[in-house]
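Chains as they are written, first to last, in this note's numbering: chain A, 34 to 369; chain B, 124 to 425; chain C, 66 to 438.
Source of the hints: derived by calculation from the structure; they are not laboratory data.
Being a predicted model, the structure only gives us computed values, none of them experimental.
By construction, the Cβ of each residue, glycine as well, lies at the ideal position given by its N, Cα and C atoms.
Any given hint could be a false lead.
What the hints assert, rightly or not - Straight line, CA to CA, 30 Å or less: simulated DSS-like cross-link-like pairs of lysine-lysine:
(1) Lys193/A x Lys385/C
(2) Lys387/B x Lys198/C
(3) Lys193/A x Lys244/C
(4) Lys198/C x Lys193/A
Stated by the list, open to error - If you want a taste of the chain A side facing chain C, the calculated C-beta under 7 Å gives, among others:
(5) Ser50
(6) Ser133
(7) Val190
(8) Asp198
(9) Asp199
(10) Gly200
(11) Tyr262
(12) Asp296
(13) Ala299
(14) Trp300
(15) Gly304
(16) Glu340
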Amino acid sequence: MPAPLASAQLPATPPASVARRRVVLLAGCLLLAALPAIAHGAGQPFLIATFTRFVIYAIAAVSLDLILGIGGLTSFGHAAWFGLGGYVVAIAAFHAQDASTLLGWGGSTEALVVWPLAIAVTALVALPIGALSLRTSGIHFIMITLAFAQMLFYLFVSVKFYGGDDGLAMQRRNTLAGADLRDATVFYYVCVACLVAWTTLCAAIRRSRFGMVLSGCRQSERRLLALGYPVYRYKLVAFVLAAAGAALSGALWANAARFVSPDMLAWVKSGELMVMVILGGTGTLFGPIAGAFVLLGVEQLLSAWTEHWMLILGPLLVLFVVFARRGLWGLVAGER
Amino acid sequence: MLLFLEQLLNGLQYGVMLFLLAAGLTLVFGIMGVINLAHGSLFMVGAYAAAAVAGHTGSFALAALAALAAAGGAGLAVEFLVIRRLYDRDHLDQVLATFGLLLFFNELVATLAGRTPLFMQPPAWLGGAVEIIPGVPYPTFRLAILATGVAVAAGLAFLIARTRLGMLIRAGATHRAIVGALGVDIRLLFTLVFALGALLAGLAGLMAAPILAVQVGMGEQILIATFVVVVIGGLGSVRGAFVGALLVGLVDTLARAFVPGLLKQVFAPTTADALGAGLASAAIYLLMALVLVFRPRGLLPA
Amino acid sequence: MKVPALVAALALFCAGPTVAQTPVKIGMITTLTTPGGYLGEDVRDAFRLAIDEEGGKLGGVPVQLIVEDDNLKPANGKQIADKMLQQDKVKLVTGLIFSNVAGAVAPTVLEAGAFYISPNAGPSNFAGKDCHKNYFVASWQNDSLHESAGQAAANLGYKRMVILAPNYQAGKDALTGFKRYFKGEVLEEIYTKLDQTDFSAELARIRALKPDAVYQFHPGGQGITFVKQYVQAGLIGSTPMVVSEVSMEPRILGAVGDAAVGINVTGHWNNDFANPASQAFVKAFTTRYNRAPTPYAQQGYDTAKLIGSALKAVGGDLAKEDAFRAALRKADFVSTRGSFRFGSNQHPIQDWYAFRSRPAPTASRRSPPRARC
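Throw the hints in and build the complete structure from the sequences for me.
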């Protein structure tokens, strides 16, 4: 039987830092809630769509942080789950639109049907892939997750029926009882609700016994094994959970863009998600949200300003790594 | 049969091309523990320098010098300004920083050289074709690539197994701290290794410039395949990189050459085409996944 | 850090240009980065040239061109479109290069009631079932590229051919389009990988099959790589090649060098056209940018001229939508390609030409009008 993990508690954070963290979190939540009002107030309502995009990517980044930051499993194929989730939603809508069937199912545009479906399908695909990938560790894990993601990428590129490389468009957003998702503000708040719910869930997981074991995997897998924990199973569950979170994010993105393409599964997208997590601060869960906002925001500002935006963004990232060692969250909340 | 031989040769040649890149990458990783996403950028810098100088002077020798100097110089600068500060850091920090470098180099080259792909042709004495397989004229330049790759492999094997530097490299890879404690200047050693890796990338760029499109982003196209090679071979192992590169080159080439044809024996032509192309694209990733499932540390781990 | 960064971001977003009522805003969403970046660069530069030649006007109407890079990502393109439509109140969008980005952006623009005029991408669905009254293409319908090449191959008397394209939608469409007009025997269809850099396996298959000629569709860098390796393998002497203009324009020509001699190219325009409009354009473009214009540049220029003709008709008032649309349909401008008019699906009806390394344009065929709108 595994020994109880009381001794493996995280080092106690000094109270001052806890207070600071709470303030920052509260301010972040308020800001998220106020963004649409700010956008309207500034006479720039289109910004709501931009912020929606940031929020959606933040969900994917948080889910990546669950395995990368907490479990120490660097997945370089996380975009595969993002894309898969999106494709499930778009394919369901595709069949509902032209009244064709997929394995006898007529498709659906009901959010409460297709979003959970996207999560379930993705989790189901992630299970065997995770089971195989987790036989490796370290850099090899990075590469094997990349390999599987590339296989899925090429799969969607080759499936002509669903648009292949050109992608698949959705005529309208999913329907959700009690909310008009076509309205930008409503959709924004739905996405924020998903982000808050998902981050809360992840934070709860981190504090749970399960999270402790996972965190232990990162610190010393050998010790956990010696203590009798079925480490492999813990990691596999975490892998599938993280995939599910990314699938939710992908499902939302399909709705936001009303368009999916293999581009969503590309390795570059996996890299971007990783950059968001590292930028925000690995293992902090809240950091990656900031990471997503800052990376996408800076990219958008710079690319609107000059076509040579990469000339600036590149060195900015380098400087950030060299001088800000603890990520954005470390800078604001004083916690790694 | 002749066709099979020719495809085999093609596969070997592509593999050797990959090896030129993979050797530098695996050295830098194995000895310094640095994941360098910007390795493809050094390759691009080498190719651009070669094409630019060849375009102005028409001399392949000068182009070769320029490619090595540019890639080596860029590598030293990168090591001095960025990588040096990241040796003790998490791999993830290195990934983020070198990702930033990759963006920077792409845009820098685009700004300096413009977005038009550059032109470069093989030197006249390597421009023809040789009939090494009867009835199949094989481009001499591709044979030159093959020869270069084999020479580099032999040179590296000698360097690592027989020289003092090689001894330090081997020692540094396994017990970095102890080598440092014994009075060896680890910093200098790392700088040398990184420069060597950059030179190899520049050499790969030089050899690739006449047969590929010299354009912005050319590094990333081949970077992923290179990482696949390194991982299949076993991280940090030059021997592994050589075996891995040949394996990836052969699998990729033979899959493209024969899988669609084989599938046509079973499926309708349209299905076979789509399926075959998809399978051929994914073949090297399939290979990598298989290798890692059965040999989680690669074929010949260092 | 999170809070201050966001506030800064907001401040910058809001600090957009203050709206001066007079100039008509034209949103240009195009691809300026990635290996495909030079396509957008040419479209943009030629478009700017047209504006600057009139001193900041098109058709006598002052215009303001807002350019943004889509980074060849459909999602980015859509994001920019939303911004332009909502923040800048743009009513006229152009610039898209790649069909997959167009697939995401064009519907957004059209649903917002704005006009979209394509300077390059002309996916076939928008010429048929998805056509829209505010959607115009000033370049060509994608299929025309490949159909003209098929016709050219037939005219050249080739009977047995091997055809190649990358394994994605546009590649598959390319081969289908080619086969529509090429009536000989296709020995083999070869699909290449999306990011392939070595074609020796395919070249060996071609050599073994001994076709009369080869058709290949690899736009941009991949095309350069393919042609270089094709020539080095010694195939160009024994097996001629037929391509469309996107696989062999001046920039590719420059990167391939003398190797390109003898390749058959089909296209709607070339920079040696004798008509005065074309000659003036080529001269002005070359002088200003110090490079030869590609067909992409010509398309950008014609797009600007087309827009100018319609702006003139409504005096720059895009609120007169019906009049603006009618004026666009008339296409009352001097095209650098010679004759230009729209079919009922608002795609051009134009001549396609067969070229060879020696620029001696000869009329090949007229592209038939497609689905009615």
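Going down the list of hints, with the structure as the test:
For a cut-off of 30 Å, the pair hint linking lysine 193/A to lysine 385/C is broken: about 40 Å separates their Cα positions. For the hint pairing lysine 387/B with lysine 198/C, the CA-to-CA distance comes to about 44 Å; that exceeds 30 Å, so the pair is violated. In summary, the hint linking lysine 193/A to lysine 244/C is supported, as the alpha carbons are separated by about 18 Å, within the 30 Å threshold. Between lysine 198/C and lysine 193/A the CA atoms are separated by roughly 28 Å; this keeps the pair inside 30 Å, and the hint holds.
At a threshold of 7 Å, the smallest CB-CB gap from serine 50/A to chain C is about 16 Å, leaving the interface hint violated. The beta carbon of serine 133/A is not positioned within 7 Å of any beta carbon in chain C (closest approach about 16 Å), and the interface hint is therefore violated. Because the smallest distance between the Cβ of valine 190/A and any Cβ of chain C comes to about 6 Å, under 7 Å, the interface hint for this residue holds. Taken as an interface hint, aspartate 198/A checks out: its beta carbon lies about 3 Å from the nearest beta carbon of chain C, inside 7 Å.
The beta carbon of aspartate 199/A comes within 4 Å of a beta carbon in chain C, closer than 7 Å, and the hint placing it at the interface holds. Checking glycine 200/A against chain C by beta carbon gives a least distance of about 6 Å; that is within 7 Å, so the hint holds. Taken as an interface hint, tyrosine 262/A does not check out: its beta carbon lies about 35 Å from the nearest beta carbon of chain C, beyond 7 Å. Because the closest C-beta pair between aspartate 296/A and chain C is about 6 Å apart, less than 7 Å, the hint holds.
For alanine 299/A, the shortest C-beta to C-beta distance to chain C is roughly 9 Å, which exceeds 7 Å, and the interface hint is violated. For the restraint placing tryptophan 300/A at the interface with chain C, the shortest Cβ-Cβ distance is roughly 10 Å, beyond the 7 Å limit, so the hint is violated. Checking glycine 304/A against chain C by beta carbon gives a least distance of about 13 Å; that is not within 7 Å, so the hint is violated. Below 7 Å, beta-carbon pairs count as interface contacts, and glutamate 340/A has one with chain C at about 4 Å; its hint therefore holds.
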